[in-house]
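Asks: Sequence:
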Amino acid sequence: MDIKLIKKDKWNPYRSSIIRFRNLPSKKREELIKRDPCYGRIICTCKYVTEAEIIEAIKRIEKIGGIVTLDGIKFRTLAMFGRCQGAFCRLRIAEIVAKKYNIPFWKITLKGKGSEYGFNEIKYLYRGDK
Numbered sequence: 004m005d006i007k008l009i010k011k012d013k014w015n016p017y018r019s020s021i022i023r024f025r026n027l028p029s030k031k032r033e034e035l036i037k038r039d040p041c042y043g044r045i046i047c048t049c050k051y052v053t054e055a056e057i058i059e060a061i062k063r064i065e066k067i068g069g070i071v072t073l074d075g076i077k078f079r080t081l082a083m084f085g086r087c088q089g090a091f092c093r094l095r096i097a098e099i100v101a102k103k104y105n106i107p108f109w110k111i112t113l114k115g116k117g118s119e120y121g122f123n124e125i126k127y128l129y130r131g132d133k
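Just so we're aligned, residue 4 is where the sequence shown starts under the working numbering, counting upward by one.
Misleading hints may appear alongside valid ones.
Said to hold, decoys possible - If you anchor each label on the Cβ, the simulated ranges turn out as follows:
hint: 1; residue 1: Leu-94; residue 2: Arg-18; range: 26 to 32 Å
hint: 2; residue 1: Gly-115; residue 2: Met-4; range: 23 to 29 Å
hint: 3; residue 1: Lys-103; residue 2: Arg-38; range: 38 to 44 Å
hint: 4; residue 1: Cys-87; residue 2: Asp-5; range: 26 to 32 Å
hint: 5; residue 1: Ser-118; residue 2: Ile-45; range: 22 to 28 Å
hint: 6; residue 1: Lys-114; residue 2: Arg-25; range: 20 to 26 Å
hint: 7; residue 1: Phe-91; residue 2: Glu-34; range: 24 to 30 Å
hint: 8; residue 1: Arg-38; residue 2: Gln-88; range: 28 to 34 Å
hint: 9; residue 1: Glu-119; residue 2: Lys-37; range: 34 to 40 Å
hint: 10; residue 1: Lys-11; residue 2: Arg-63; range: 14 to 20 Å
hint: 11; residue 1: Gly-117; residue 2: Glu-33; range: 42 to 48 Å
hint: 12; residue 1: Lys-37; residue 2: Ile-9; range: 41 to 47 Å
hint: 13; residue 1: Thr-48; residue 2: Asp-5; range: 49 to 55 Å
It should be emphasised that the hints constitute simulated quantities derived from the structure, not laboratory data.
Every residue, glycine too, gets a C-beta built ideally from N, C-alpha and C.
Given the sequences, and given the hints that come with them, work out the whole structure.
Replies: Here it is as C-alpha cells:
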C-alpha cells in the first residue's frame with residue numbers, strides 16, 4: 004500500500020468535546036442555563052441531553068460541511084442511545100432540525116439519502132399511498 008500523506012497546515016488535532024450537561028455539578032448547570040436557556044430544556048431524558056447540546060452538534064456538523072442527520076446528532080451527543088433507543092427523543096430532535104432548516108420531517112434523514120425520517124401517516128403521504 005503506497006499512501007502519500009499530506010500535512011494540512013490548518014488542521015488542529017485537538018478538538019474540545021461538546022459540554023455534557025449531565026456530567027456537570029449543579030452550580031455549573033445553573034450558570035449554563037442562565038447564559039443559554041436551551042441548557043434548561045432536556046431533550047433526551049435517558050441520557051440527559053439538552054437542547055443546547057443538540058444545537059452544538061448541528062453546528063459542528065455544519066462546520067465540517069456535513070449533512071445533518073439524526074445519527075450524526077446521536078453519535079455526537081449520545082441522545083437516542085438510552086434505554087428507550089430514541090422512542091422519546093428522536094421526534095423532539097427531528098423537530099429541532101426541522102425548525103432550524105425550515106423543512107418538513109420527511110426531509111430529515113437518519114443517516115443520509117434513502118433513510119428519510121417519517122412517522123405515522125407522513126410515510127404514506129410522502130410515498131403517495133392512499
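Asks: Does each hint fit the structure? Answer for all of them.
Replies: These are the hints, each one checked on the structure:
Our hint of 26 to 32 Å for Leu-94 and Arg-18 holds, since their Cβ atoms are close to 29 Å apart. Distance hint check for Gly-115 and Met-4: the Cβ-Cβ separation is about 28 Å, which falls inside the suggested range of 23 to 29 Å. At roughly 20 Å, the beta carbons of Lys-103 and Arg-38 sit outside the given window of 38 to 44 Å. Look at Cys-87 against Asp-5: about 48 Å separates their beta carbons, and that is not inside 26 to 32 Å.
Range check, Ser-118 to Ile-45: Cβ separation about 26 Å, and the 22 to 28 Å hint holds. Distance hint for Lys-114 and Arg-25: a CB-CB separation of about 25 Å, consistent with the stated range 20 to 26 Å. In this structure the hint that Phe-91 and Glu-34 lie 24 to 30 Å apart at CB holds, the actual value being about 27 Å. For the hinted restraint 28 to 34 Å between Arg-38 and Gln-88, the CB-CB distance of approximately 31 Å keeps it satisfied.
In this structure, Glu-119 and Lys-37 meet the distance hint of 34 to 40 Å, their C-beta atoms being roughly 38 Å apart. A hinted range of 14 to 20 Å for the beta carbons of Lys-11 and Arg-63 is consistent with their spacing of about 18 Å. Between Gly-117 and Glu-33 the CB atoms are about 43 Å apart, so this pair conforms to the stated range of 42 to 48 Å. For Lys-37 and Ile-9, the hinted distance range of 41 to 47 Å is satisfied, since their beta carbons lie about 45 Å from each other.
Between Thr-48 and Asp-5 the beta carbons are some 51 Å apart, a value that agrees with the proposed interval 49 to 55 Å.
Figure legend: structure checked against the earlier numbered hints; hints not met, in rising order: 3 and 4.
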